[in-house]
Structures are given as C-alpha cells and as structure tokens.
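Student: Going down the list, the sequences are from chains A and B.
Just so it is clear: in the first sequence, position 258 is 257 by numbering that gives the first Met the number 0, and no numbers are missing.
Just so it is clear: in the second sequence, position 296 is 295 by numbering that gives the first Met the number 0, and no numbers are missing.
Keep in mind that a hint or two might mislead.
[As the list claims (entries may be wrong)] Some chain B residues near chain A, calculated using beta-carbon distances under 7 Å:
(1) V8
(2) R10
(3) T47
(4) F51
(5) E66
(6) H68
(7) L70
(8) V76
(9) T80
(10) L83
(11) T84
(12) V87
By construction, these hints were calculated from the structure, which means they are not laboratory data.
Each residue gets a CB set at the ideal place from its N, CA and C atoms; glycine is no exception.
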Amino acid sequence: MMFPPGASYHPSMDFGPAAPDFLHDDPLVLWGPAGAGKTWRAESLARRASATRTVWRTRCASYDGTSEDGLWAFIVGDLEAQCPKFAATSAPPGLERSNAALDRVTDVAEAVRVLWLIDDLDRLDRSLWYDFSRSLRAPMDQLASRGGEGGLKFLITLRRHPTRVSLGAYGSPLNQGERQRLDAFGETGLRQLLEAANLADSPELQHGLREAVGNTVGALHRAVHGVAAEGGDRSLLAEPVVLQRWFSSTLAEWHRAFEVPVPLTSATARTGFLDAALIDLGEGRRADPDLLDELTALGIADFGTKGLVPSTLVRLFCDERRARG
Amino acid sequence: MIRNFWLGVHRPGVTRYQPSVADTTVRAFLAEGRGRLWLRGPSGSGKTSLRFEHAPDVRRAGRLCGELHLLGHSSSVPAETRRLTFAVELSRSLGLEQLPWKDLLATCVRERAVVFVDEVSSLRDRHPTGPIRPDDEPLLELAEAGVDLILLTMDEPEALGWPRELPVTPIWKEDLDAAAVAALVAPLARSEELAAEVMAQVGGNPVLLQRVCVMLLKRPASSLADVVAELTTDLDPFLIEIEWSVRTGLGDPEARQAWIRAIGAWEALVESGPPDSESPAVDTLRRLGLLRPGAPLSAPPCGLFLSRFDRGWCRRIRETA
Numbered sequence: 000m001m002f003p004p005g006a007s008y009h010p011s012m013d014f015g016p017a018a019p020d021f022l023h024d025d026p027l028v029l030w031g032p033a034g035a036g037k038t039w040r041a042e043s044l045a046r047r048a049s050a051t052r053t054v055w056r057t058r059c060a061s062y063d064g065t066s067e068d069g070l071w072a073f074i075v076g077d078l079e080a081q082c083p084k085f086a087a088t089s090a091p092p093g094l095e096r097s098n099a100a101l102d103r104v105t106d107v108a109e110a111v112r113v114l115w116l117i118d119d120l121d122r123l124d125r126s127l128w129y130d131f132s133r134s135l136r137a138p139m140d141q142l143a144s145r146g147g148e149g150g151l152k153f154l155i156t157l158r159r160h161p162t163r164v165s166l167g168a169y170g171s172p173l174n175q176g177e178r179q180r181l182d183a184f185g186e187t188g189l190r191q192l193l194e195a196a197n198l199a200d201s202p203e204l205q206h207g208l209r210e211a212v213g214n215t216v217g218a219l220h221r222a223v224h225g226v227a228a229e230g231g232d233r234s235l236l237a238e239p240v241v242l243q244r245w246f247s248s249t250l251a252e253w254h255r256a257f258e259v260p261v262p263l264t265s266a267t268a269r270t271g272f273l274d275a276a277l278i279d280l281g282e283g284r285r286a287d288p289d290l291l292d293e294l295t296a297l298g299i300a301d302f303g304t305k306g307l308v309p310s311t312l313v314r315l316f317c318d319e320r321r322a323r324g
Numbered sequence: 000m001i002r003n004f005w006l007g008v009h010r011p012g013v014t015r016y017q018p019s020v021a022d023t024t025v026r027a028f029l030a031e032g033r034g035r036l037w038l039r040g041p042s043g044s045g046k047t048s049l050r051f052e053h054a055p056d057v058r059r060a061g062r063l064c065g066e067l068h069l070l071g072h073s074s075s076v077p078a079e080t081r082r083l084t085f086a087v088e089l090s091r092s093l094g095l096e097q098l099p100w101k102d103l104l105a106t107c108v109r110e111r112a113v114v115f116v117d118e119v120s121s122l123r124d125r126h127p128t129g130p131i132r133p134d135d136e137p138l139l140e141l142a143e144a145g146v147d148l149i150l151l152t153m154d155e156p157e158a159l160g161w162p163r164e165l166p167v168t169p170i171w172k173e174d175l176d177a178a179a180v181a182a183l184v185a186p187l188a189r190s191e192e193l194a195a196e197v198m199a200q201v202g203g204n205p206v207l208l209q210r211v212c213v214m215l216l217k218r219p220a221s222s223l224a225d226v227v228a229e230l231t232t233d234l235d236p237f238l239i240e241i242e243w244s245v246r247t248g249l250g251d252p253e254a255r256q257a258w259i260r261a262i263g264a265w266e267a268l269v270e271s272g273p274p275d276s277e278s279p280a281v282d283t284l285r286r287l288g289l290l291r292p293g294a295p296l297s298a299p300p301c302g303l304f305l306s307r308f309d310r311g312w313c314r315r316i317r318e319t320a
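Hey, can you work out the whole structure from these sequences and the hints?
Tutor: Here you go:
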C-alpha cells in the first residue's frame with residue numbers, strides 16, 4: 000500500500016531495517032536532515048513502546064512563538080489534551096511555569112511509565128533550544144534518583160547535530176544517551192517502497208531515483224510516488240520541470256529558509272543569508288559552519304562531505320536561486 | 000541485572016558504578032565536613048552519577064538529604080517567585096511538608112541536612128550581570144544560613160559570581176585503571192589488552208569511555224580502530240569549534256585573545272607534548288575537558304581528542320580567528 004508523500008505515520012510504512020531495541024532507560028535522540036524519516040522512525044518506536052508505556056507527543060513545529068512561558072503553556076495544554084492522568088495533576092500555585100509543568104510531568108511519570116516523544120525540537124525558535132532542552136533533564140534525573148529504571152524516557156528528533164542544538168546546554172538530555180543519525184535510506188527500504196508502489200525494482204531505477212533527488216526517504220518516497228503516478232516512466236526523473244512539480248512544496252520551503260538570515264556565531268561569513276553558503280559550496284570553498292549547518296538541516300548539503308547534495312533537485316534549486324539574483 | 004555500561008546517568012541498582020577520587024572526597028565531607036563542597040567537572044564527567052550514588056546512602060544513614068536540579072532560565076523571574084519555587088522543590092526533595100522559607104532554613108540547619116545541588120552552572124543564566132546576592136538567589140541564602148551543600152558544576156565559584164572563596168574538587172575518573180576496564184569488557188576477547196588500548200584512547204574521560212565500550216559490546220565484530228574512527232567523526236565534531244566561535248562572536252577582544260591563546264596551547268601540546276607549566280590557557284583547556292581536570296600536566300591527553308582536534312583542526316581554527 001502506497002501512502003502519499005507527507006502522510007502521517009502508518010505501521011505499513013516501516014520500510015527499511017527494523018527499528019532498534021531502545022526501551023532501556025536512556026534518552027534516544029534521532030537526528031538527520033529534513034526528510035530523513037525521523038518522525039516515521041520515532042512513531043514506529045513509539046508504537047512498539049506503547050505496549051508498556053504511555054506515549055506523549057509534543058510536536059515542536061506546531062509552536063510558533065518565541066516566549067518560553069508560552070512554550071510551556073503550549074506543552075501543558077497539549078499534554079492535558081492527550082493524557083487524562085496529566086490533566087488530573089496540579090502543581091503548587093505561584094511556581095515558575097517550567098517548574099510547575101515539570102513537577103506535573105514527574106508526578107505522572109512516577110505513577111505510569113511514560114515515553115515522551117518530542118518531535119522536531121529544533122523547529123522551535125532558536126532562542127528556545129537551550130533553555131527547553133536543558134529543562135528536560137531535570138524530571139528525568141529526578142525520577143532516576145529515586146532508584147530503579149525510572150519512569151520517563153525521552154525520544155527526541157532533531158534536524159541538526161545534537162551538539163548544535165544543545166550548545167551550552169550542559170544539563171541537556173541531548174548530550175546523554177543514544178544518538179542515532181538517520182540520513183541515507185538503504186537499498187532494502189527503497190526496494191520495499193518500490194514494491195508498495197507496484198514498481199519493478201531495478202538497479203537502474205534505484206540509481207536514477209537517488210541521482211534525481213538524493214538519498215533521504217522523504218525525497219525518495221515523493222519521487223517513487225511521482226514515477227508511479229506517471230505510469231512508471233523513470234525517464235521523468237531527469238526532467239527538471241517534472242521535479243519542479245513533484246517537489247514544489249520542498250522547493251518553496253527551501254526558498255523561504257533562504258529569505259531569513261541565520262544568526263552567525265563566528266566571523267567567517269559576511270552575511271547570514273544562505274545564498275552565501277550556496278555560492279561558496281558551488282565554487283568548492285568551505286562554507287561558514289552556521290550556514291552549512293542550516294543547509295544540512297534542510298537536506299541541501301551533506302553532513303559527511305560538507306558539500307552540496309549531488310542531486311538534480313539540489314542543482315535545480317541552485318539554478319532557481321541564481322535566477323532570483 | 001547490573002549493566003556494565005550505559006549511556007547517560009548512572010542509576011543505582013541498574014548500572015555498575017565506577018568510583019573515583021571525588022567519591023572519597025564526598026564520603027569524607029559527609030562524614031566530617033560542614034559547609035560547602037564544590038565539585039567541578041566538564042560535561043559528561045559523572046557529576047550527576049556521583050549524586051545518585053551518594054544521596055541514597057546519606058538517606059539510609061538517617062540524615063535529612065535533599066537533591067536539587069537548578070534550572071537556568073530564571074533571570075527575568077521575580078526573586079519572590081524564584082524563592083517560592085526553590086522552597087517547594089527543596090521541601091519536596093527533603094520529604095518535608097511545605098514550610099515558610101525561614102522555617103525551612105532553620106529546619107535544615109537544626110537537622111544538619113545535606114543538599115546535593117546539580118547544575119550549579121545555571122547560576123550564570125539566573126544572574127547574568129554579576130555577583131549573586133543572598134536576597135536574590137535562594138541557593139546562596141541557603142549557603143549563608145549554614146546548610147551543608149554539595150555543589151556540582153562545570154565552573155569555578157568566582158566564574159558564577161559566588162561571593163565566597165571555596166576550595167574546588169575536580170571530578171574526573173583519572174584513577175580508573177585498565178584492570179577495572181578489563182573487567183567491564185570481559186565478554187570480549189583479549190579484554191586486558193583491549194582495556195589498555197581503550198584507556199589510551201579515552202584518557203579517563205567517563206563519557207568517552209562509555210561510548211567506546213558500549214560500541215564495542217554492541218558490535219563485538221568491530222575492532223577498537225573501527226570504533227575510534229567512527230567516534231572521531233561523530234565526536235561532537237563541532238563542540239569545541241562552536242564554543243570557540245561563540246566566544247569570538249561575542250566581539251569581546253579579551254575573550255577572543257584568551258581563546259586564541261588556549262588554541263595555541265593545545266596546538267603546542269599536539270606538536271610537542273604536554274606543557275611545562277600551568278597558565279590561564281591550560282586552565283581553559285581543562286575547563287573544556289581537553290586536558291584532565293586535576294591530573295598532572297604530564298598526563299597524556301585523551302587519544303581520541305588528539306586524533307580529532309589535530310594540527311589541521313588547530314590551523315583551521317586559527318584561520319578563522
């Protein structure tokens with residue numbers, strides 16, 4: 000069964016290798032660029048965990064504010080809606096909002112084992128990464144200090160390397176526990192995707208797909224869906240106009256990211272706009288680390304090579320940026 | 000089941016604990032000491048694990064014992080709210096009914112309570128502008144009232160605006176020897192030789208020791224060289240670079256110069272071996288964990304750091320200065 004690109008997780012989407020055993024007591028951080036399949040993998044893990052744990056979900060991309068108090072109000076409202084046990088708790092009045100919320104988290108997690116899936120933590124406003132990620136360590140430690148396995152397990156997804164997000168966050172769970180990088184989608188998974196779309200697998204088709212759109216499961220899924228919808232004609236993968244149509248939302252997201260300056264922490268770039276990094280990488284130079292980090296998070300640059308992802312789609316986007324001047 | 004190795008914080012009864020010199024200091028303080036014990040170690044050096052290991056013993060011995068985890072995002076919160084939050088957390092941690100603040104302080108002193116305070120480095124965020132005062136920071140008020148405190152932090156007291164001089168005890172598992180590591184990697188072949196090689200790579204750094212051993216035990220077919228190569232590329236590749244960049248990015252010429260000197264000291268070490276004498280630059284390297292806190296200057300640094308933060312890395316850092 001083939002789901003449309005961007006569809007929410009469904010168990011039949013468990014393509015690729017089986018999710019690892021992760022239900023020991025340390026936080027698990029899944030990180031990788033947009034489209035790497037972090038949310039799918041996290042949901043797959045959460046589904047398995049739900050047999051023994053209450054699963055909470057916080058979708059950070061749904062909070063578009065910049066205030067920390069506002070973020071905690073959003074989280075508390077969200078958890079109250081998901082979990083009657085959480086809604087039934089309260090904290091002493093007059094406490095700082097974060098402490099009050101975390102007290103309630105600890106109360107519930109002490110009574111029932113909780114898996115807290117925090118999806119896309121680094122889609123929050125950058126000003127919130129540090130404080131929020133640090134706050135998460137407190138309830139985890141509080142429960143662990145009472146002995147035993149503890150009742151709260153974090154499953155966190157990020158686009159960026161955990162160290163980037165928890166910079167200076169000395170108490171963060173991001174610098175603890177297991178960190179798994181999701182990036183290139185494997186051959187077996189791609190074969191399963193092709194089977195689900197009723198397309199005949201072949202080395203040529205796999206190669207053509209990767210050459211056209213790169214290696215992330217999100218991009219490959221979208222391309223497979225496109226090829227299937229067009230009757231299996233793989234020659235379309237070489238057509239920029241077709242890729243423009245299939246990937247219009249991706250390209251639009253990339254362009255939007257390029258309109259906003261990135262705060263720079265070093266003095267290696269003259270400008271915080273991503274076009275500067277695109278030019279540097281296009282001409283074989285090293286890009287500013289902050290800009291490169293953003294390009295990597297978007298899936299335009301590759302974490303390993305620190306160069307542009309060598310795909311038709313990325314070349315197409317570069318051409319569009321040049322055309323926009 | 001006791002797990003030999005884990006990632007994250009040690010959990011009593013679940014993971015096996017490796018004591019260090021700091022444990023001896025904590026025991027001595029708990030037995031005889033009064034006042035403040037300031038324990039300093041870089042991220043991942045085992046500060047929270049140390050708290051988890053000792054606080055239950057204190058309680059079992061019948062002494063009132065609290066554990067606090069400071070959160071750092073309070074600089075804009077009124078002092079009264081901060082004190083109320085602190086009092087609620089402290090009362091709860093001590094297992095007491097909620098008392099008025101002054102009564103709580105008096106109870107702690109009278110009962111000779113000891114309080115472990117984690118993430119004391121948060122004081123920097125709670126009071127970004129300067130020295131802390133008892134009327135504005137309940138932790139200091141607790142200290143000034145004479146409550147016994149074990150403070151766990153990455154920083155020196157003065158760096159956090161702590162107004163009193165305190166001796167600092169470094170946390171580092173420098174006394175963890177190859178025999179102890181060999182026992183922990185015993186399921187693997189050649190465990191004794193392997194342990195010695197692991198120790199050379201991690202140099203006593205607890206978090207790296209965990210990472211290397213977990214990877215070896217999970218993938219017994221992998222060689223140490225494979226694991227080291229993988230860790231070298233995933234070894235928080237930006238950590239030091241970012242820390243440095245942030246500080247230079249602040250536009251503070253003095254801080255920038257201090258970082259340039261620290262990188263220069265590391266580069267000299269990579270090229271010619273350990274430095275001859277202590278200096279502020281060496282202290283910066285210790286704070287980062289590149290050199291072992293509390294270890295003699297002649298102690299070899301962690302092999303993984305030497306591989307990752309090599310001459311090329313130093314050159315790149317200097318080029319961007």
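Student: Of the numbered hints stated previously, which ones are contradicted by the structure, given in increasing order?
Tutor: none
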